[in-house]
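Just so you know, the protein sequences line up as chains A and B, in that order.
For the first sequence, the positions run 1 to 488 when my numbering is used.
For the second sequence, the positions run 1 to 483 when my numbering is used.
Relax, there's no trap hidden among the hints.
Some but not every residue of chain A turned toward chain B, in silico, with C-beta under 8 Å:
no. : residue
1   : Leu54
2   : Leu58
3   : Lys98
Worth flagging that the hints you see were computed from the coordinates, not collected in a lab.
Here the structure is a predicted model, which is why all the values come from computation and not from measurement.
For every residue, glycine included, the Cβ atom is placed at its ideal position computed from N, Cα and C.
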Amino acid sequence: MSASDVETLMRDWEMVVGLEVHVQLKTRTKAFCSCSTEYGAAPNTNVCPVCLALPGALPALNARAVELATRAALALGCEVHPQSVFARKNYFYPDLPKGYQISQFDQPLATGGQVEIGRNADGSPINVGVTRVHMEEDAGKSVHDRFPGATAIDLNRAGVPLIEIVSEPDMRSAREAGAYLRVLKQILEYMAVSDVSMEEGSLRVDANVSARRRGETKLGTKTEVKNMNSFSGVERALEMEFVRQVDVLEAGGHIDQQTMLWDGAAGQVRPSRSKEGSHDYRYFPEPDLPPLLLEKAWIERMRHDLPELPATRRGRFAEEYSLGDYDVDVLTADPQLADYYESVARASGDPKSSANWVMGEVLAQLRATGGDIGTFRVRPHDLAELLRLVRDGVVSHTAAKQIFARMVASGDPPAQIAEREGLVKVNDDAQLQGWLDDVITEMPTEAERFRAGERKLQGVLVGAVMKKSKGRADPRRLAQLLAERFGT
Amino acid sequence: MSSVSSTVADLRGNTHRGTVGALDTVDSALDRAKAVDAGRDGLNIFVALDQGHVRTDADACDAFRSHAEPAPLLGVPVAIKDNLATLRDPTTCGSRILAGYVSPYEATVIRRLREAGAVPFGKTNMDEFAMGSSTEHSAYGPTRNPVAPDRVPGGSSGGSAAAVAAGIVPVALGSETGGSVRQPAAFCGIVGVKPTYGRVSRFGLVAFASSLDQVGVFGASVDDAARTMEVISGRDPLDSTTADVPVAAYSGAGGRSIRGLVVGRPTEYFPDSLDPRIRARCDAALEKLREQGAEIRDVSLPHTELAIPVYYIVAPAEASSNLARFDGVRYGLRVQGQDLRGMYEATRSRGFGDEVIRRIMIGTYVLSAGYYDAYYRKAQQVRNLIAADFASVFAGGVDVLFTPTTPTPAFAIGAISDPYEMYLSDIFTVTANLAGVPAMSQPIGRVDGLPVGGQFIAPHFGEATMFAFAYALERALGQEAHT
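Build the full structure now, drawing on both the sequences and the hints.
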């Protein structure tokens, strides 16, 4: 099944997608106890009576988790409610220690948000509604492949705070679903509420998808697709499930409301064996936790203190730094990169060169080493200093690239490297004249032709001096000296 | 020196002065327990009583001796209901499913007792997971009533009540969900206190019905109970449902007069069907209160008759969820099955007794899709009406209510086999749990040699006033309370 096949089907059929996204909040401790949330610790080491559900243990809500959840909800345009209620979602599973998950049900933290995922051809925004954002706790992990014939349980993850972000069924293609997820991820990164890593499981996506004939206004029966571990996996899974549904419907069949599992290796969806749809979770208000009461003033303060949203930042970068769309997109893709760029631009006073350097040398370096901007050796004020050295004529552009390479390696300030490595530009006339004498002696033919008026040879002669000076000669002064000497 | 006749105040003072050692106190209590508890005809109070553990804790009391002020419960042995998490003795809730389970942490109330100089003294028998009113539904067999060994001690905290009534310890901890402290206190002729919901931490109390559960106290006297209540009360960051309300000096309420205060006599608690001898005892107690200067006023709590049906929806619903953690995966009993589901079923049907299974089934049913609105939601609405009854009476100028604690004295072991009939023994006590208000039972005399309990019910966090009445009544009744 190829993309063009899907496009053919989509002439007659419409795909309707809603997404449920679970995001782990970046708190130091768990949602209801003080165990560490560290990822990758030895199995069952980040556990205590509360998250092990020992008899008599009770939950106590992590205030930081509430802050991060509120921040995320506000960033998604939701109304955060002054009162929300925790509820128990009851089901038996070995990695769910209490036999219920503390979640929110009929009174969630926040409702009624919206995110813009792109623009239509006419410039109008494509919006996806956010039905609700609620808080809950993660379950542990069942490990099926560690011990033959047995399942191992790791409860380190049990009780890690999550938010579930439920979208409206507003997406009409796999591409829109992918765009929604990328925008969502970027917003959450900007809010610094989560690591949003699908690989580490800090962001997980379940998709509800249905198909209907174009022009039909009623929603078709949906299935839930799970087990995707990348955004492109979500897109491919949605297309495969859409094609499967349309095949069934075109053959006169009907869709069963069921859970489908995505098999990324096989590129297929298949029905889940467990009867997830038939669960009766017996929700009721969690009696161990009072209703979550948030003062309106507190919510407003959280709104006021919200970090800058990606869209706002894009607009500001275009305006303040006169950057083009492409530069803005690259520089704002990641909030830390944007912070880095902005620091360089402000410290150097040269937004354009800063953009060139960050998008060029810096990103190339990070790509080459797989490094992270947060721990990148060259700090913004040092890069800005290097840019100033170039602008003030202290070092040449060529030398600057060498200095940068050494900054990456050592983390030393650029002026110190330039001095130490003798990369400071030479505009001392005596030294320049000496190099020039050598070059004229070594290249008599070229010198003679230049004197005779062959101007294009200036580059050759200057280049020869630059090489001799190891890039230190000031090319502008050199050109002047050359002109003076030959009276041109 | 024996603990049998010692009050909390005496033990504290004597231990501090050094006229009696904590070790001597617990040795006497251990001797007493050995004498009355073991064997076929024994009372079967303790499900765990380890001499070594008790003596180690008693030794630790010496560290308090150097303090200028005696610790509030210095040298006082306190028997602990088996659903409170303790560090060395097992915590089994009277259930096979937790046989041998030792908690790696201790309940907040136990820590507070220890910090107050008390000595945790064994674990006491109870109806399994606190579900019952007779302490017959225990994996360890029934506990006998020390006053009349062919009778039940009441339940579910029957072991703790019996430990005090048998003169082994002056105080004990129990827990309440629908009357599990007050009813056994009444049956055994001692004092039993159920504090305001949120007054005492539930951290480490194995949950039955979280919105109703509270740790409670048994005392041989009002003062013993008041002093213990002072120690265990107060906000606990580990229990989000505890309230940040200052703890009054409950034992200081003994000096307060009740003159001019108003005692409400709710007519619903004195139905025509009430045993006339119990009614007579209550009337006599009310007369004593009147003599002390209190005004007695007839009041009405019109939704009282709905309390039992509401309770038997709310409590099982929460229990069905709270008991889900006993699944054989992490601790306690595991019975292997064909597959995961088979293991769950085998473990839980083997591990839980009939009454527990019955309540899990009821609770699961009332929370199920399609039934939630008809049962659980409706029950919560009626629960609000019951709470509003109390609020309106107290807002009308009533300081406390006085009622019989139970409709009958202790019944014979094995006499009640119909679960619903058993449920009705809590008819006068469940209301306080549903409304969250404090209540206590104290002895007000005997019928056919069996103790009768009178109950005070106070407004939220009105424990100090409640104790003032209890002290006054205890003083006024004197030996009449036990004859």
